[in-house]
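Use these hints to put chain B onto chain A, whose structure you have.
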Amino acid sequence: MEAETQELIDGFLQVIDRFLNANQARFLDVGLPTQPLRLLIREWVMAWVRTPEMAAPRMTDAPPDAFANPVRAFVGLPTEPATEWTRRLWDRPIYSDTMLQIVPTVDPPGIALVGDVEASNVQAVLRALTGLPSSSGDVHLDLSGLLFCDLGGLQAIVRAAQALEPGRRLVLHGVPRQLERALEIVDWAPLPNLSIASSAPGVERP
Amino acid sequence: MTATMVTNERGFRHEALLYAGIDQFVARTTPFITGALEADEPILVVVSRQKIAALRTAVGKDADRVQFRDMSEVGANPARIIPAWHTFVEAHAGEGRRLRGIGEPIYPERTASELVESQRHEALLNAAFDGEPDFWLLCPYNTQALDPSVVETAHRTHPVIADGHGTSWSDLYPGVAASVAPYDKPLPEPSALRATLAFDAKRLSAVRRLVSREAASAGFMTRSIADLVLAANEVATNSVQHGGAAGTLRIWRDGGVLVCEVRDRGHFEDPLADRRRPAPGQDGGRGLWLANQLCDLVQIRSCSSGTTVRLHMHRDRSR
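Protein chains in written order, with this note's numbering: chain A, 1 to 206; chain B, 1001 to 1319.
Pulled out of the complex, with its shape left as it was, chain A reads as follows:
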């Protein structure tokens, strides 16, 4: 096996491992022990690589996205079509704990929140949001990997938007429906410097 392919497989499996570790409790909740799942995925990847007619796998920045939707279903949030809102730099995480990863994104520039935002990690979210690039233009926040966000997290997002100089906006991508409702209920939705991008990247709701 070529070294490059081996490296690719290892990287792929590592990301899956990381995801399964972070979400072990969720899987267990619905009766899925993660160890057999891990072995199954490893076997499947190996079988796939050995298949001669298979083309080389396409490199992607965010493999865990493929798993974001089923997990969202577990916690009872509406499933949405998997869309890549931003290009995530997984290898340069800003913050990581057992339930949340904050990763920088390029194209458009900003950050992605993946997992749960709650009281224990809201300070990290606040720090990441205040440390956003200070250059001109809009700042983008990819929430398509968000599984849960409490009001403290929502407040951190709103305050970050308000802290931007006039004319710049914080653009939210892939906002879970639940979060959008919470924004409306607490009267935070109509803020001049906070904008919610619609289902297609680049198109924004009026």
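Just so you know, not all the hints are guaranteed correct.
Unchecked claim - Derived SDA-like pairs (lysine to any residue); straight-line CA-CA distance at most 25 Å:
#: 1; chain 1: B; residue 1: 1202; chain 2: A; residue 2: 122
#: 2; chain 1: B; residue 1: 1202; chain 2: A; residue 2: 119
#: 3; chain 1: B; residue 1: 1202; chain 2: A; residue 2: 126
#: 4; chain 1: B; residue 1: 1185; chain 2: B; residue 2: 1098
#: 5; chain 1: B; residue 1: 1061; chain 2: B; residue 2: 1098
#: 6; chain 1: B; residue 1: 1202; chain 2: A; residue 2: 123
#: 7; chain 1: B; residue 1: 1202; chain 2: A; residue 2: 31
#: 8; chain 1: B; residue 1: 1185; chain 2: B; residue 2: 1263
#: 9; chain 1: B; residue 1: 1185; chain 2: B; residue 2: 1246
#: 10; chain 1: B; residue 1: 1185; chain 2: B; residue 2: 1127
#: 11; chain 1: B; residue 1: 1202; chain 2: A; residue 2: 27
#: 12; chain 1: B; residue 1: 1202; chain 2: A; residue 2: 17
#: 13; chain 1: B; residue 1: 1185; chain 2: B; residue 2: 1299
#: 14; chain 1: B; residue 1: 1202; chain 2: A; residue 2: 22
#: 15; chain 1: B; residue 1: 1061; chain 2: B; residue 2: 1076
#: 16; chain 1: B; residue 1: 1185; chain 2: B; residue 2: 1253
Claimed, not checked - Some residues of chain B that are not near chain A, with every Cβ distance over 12 Å (derived):
#: 17; residue: 1026
#: 18; residue: 1038
#: 19; residue: 1040
#: 20; residue: 1055
#: 21; residue: 1065
#: 22; residue: 1145
#: 23; residue: 1162
#: 24; residue: 1164
#: 25; residue: 1180
#: 26; residue: 1210
#: 27; residue: 1222
#: 28; residue: 1267
#: 29; residue: 1271
#: 30; residue: 1273
For the record, the hints were derived by calculation from the structure and aren't laboratory data. Given the structure is predicted, the values throughout are model-derived calculations rather than measurements. For glycine and all other residues, C-beta sits at the position ideal for the given N, C-alpha and C.
Quick look at chain B alone, frame taken from chain A:
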């Protein structure tokens, strides 16, 4: 006409109107509505759909100048009624006109828990609009359909009572301060618990998972699960941030209702905290407001030894 006849004073006038049956209801509320229209006073009527239809017929062509809202939508959770009145009062602020309202939050279809919270709501109204510019709120009570003890409680929660023959001060009304005194009457204990979990700041995710699992196994729709998880997480977060850093979650079923209870050692100062619309610039303090908007009923009991918050969610939510 007796010596205790109440004249139209200024300020907030919170009046219970006793009636027996729909015909008396219409006969006793219609003059109040037409009186408002004649005096060009804005009026909002929040009653059942059936009563709205009857009042539209009775008032006739001028009914379009009356705002009507369905109490089963506005006040399904009685804690949402005061914000609705606030919106009405604010919309007419500074106009210099007296405002009128009719609100019937207490009706026979209320469950025992809903009734208790509706009575609490009636008491809190006295503080919520104390000192407001002229607002005359009439609360009809159907003596034919309600238990006599419920009608007696109306005398405790309303300073003014009307019965179709006259209007008088209630002898049982304890005043504004006593109306909002801490509500520490104990809640009934559940017969069978589904789950109990002691939590602290590190175990909020366990709170969410347990609520999610119980709601799912009770057959809730995904949106209701997500709503309940969000509300329970906020209440539990209050416990770890303001309620002694820890709390206890208990979950049980009561017919088609799932109840999530959070207890902690904290204490609530402001009895109207959960029904004041949060200002956009305010930091924190939105958890209970959100819980009231998301849940079918929220029960709060607070005294010096601790606070209990119960979130009720119906399995079959059409509202």
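Hint check results:
no.: 1; hint: 1202/B with 122/A; in the structure: 13 Å, holds
no.: 2; hint: 1202/B with 119/A; in the structure: 9 Å, holds
no.: 3; hint: 1202/B with 126/A; in the structure: 19 Å, holds
no.: 4; hint: 1185/B with 1098/B; in the structure: 36 Å, violated
no.: 5; hint: 1061/B with 1098/B; in the structure: 22 Å, holds
no.: 6; hint: 1202/B with 123/A; in the structure: 14 Å, holds
no.: 7; hint: 1202/B with 31/A; in the structure: 23 Å, holds
no.: 8; hint: 1185/B with 1263/B; in the structure: 15 Å, holds
no.: 9; hint: 1185/B with 1246/B; in the structure: 23 Å, holds
no.: 10; hint: 1185/B with 1127/B; in the structure: 19 Å, holds
no.: 11; hint: 1202/B with 27/A; in the structure: 19 Å, holds
no.: 12; hint: 1202/B with 17/A; in the structure: 23 Å, holds
no.: 13; hint: 1185/B with 1299/B; in the structure: 11 Å, holds
no.: 14; hint: 1202/B with 22/A; in the structure: 15 Å, holds
no.: 15; hint: 1061/B with 1076/B; in the structure: 29 Å, violated
no.: 16; hint: 1185/B with 1253/B; in the structure: 21 Å, holds
no.: 17; hint: 1026; in the structure: 36 Å, holds
no.: 18; hint: 1038; in the structure: 36 Å, holds
no.: 19; hint: 1040; in the structure: 31 Å, holds
no.: 20; hint: 1055; in the structure: 31 Å, holds
no.: 21; hint: 1065; in the structure: 29 Å, holds
no.: 22; hint: 1145; in the structure: 34 Å, holds
no.: 23; hint: 1162; in the structure: 36 Å, holds
no.: 24; hint: 1164; in the structure: 40 Å, holds
no.: 25; hint: 1180; in the structure: 24 Å, holds
no.: 26; hint: 1210; in the structure: 9 Å, violated
no.: 27; hint: 1222; in the structure: 5 Å, violated
no.: 28; hint: 1267; in the structure: 20 Å, holds
no.: 29; hint: 1271; in the structure: 21 Å, holds
no.: 30; hint: 1273; in the structure: 14 Å, holds
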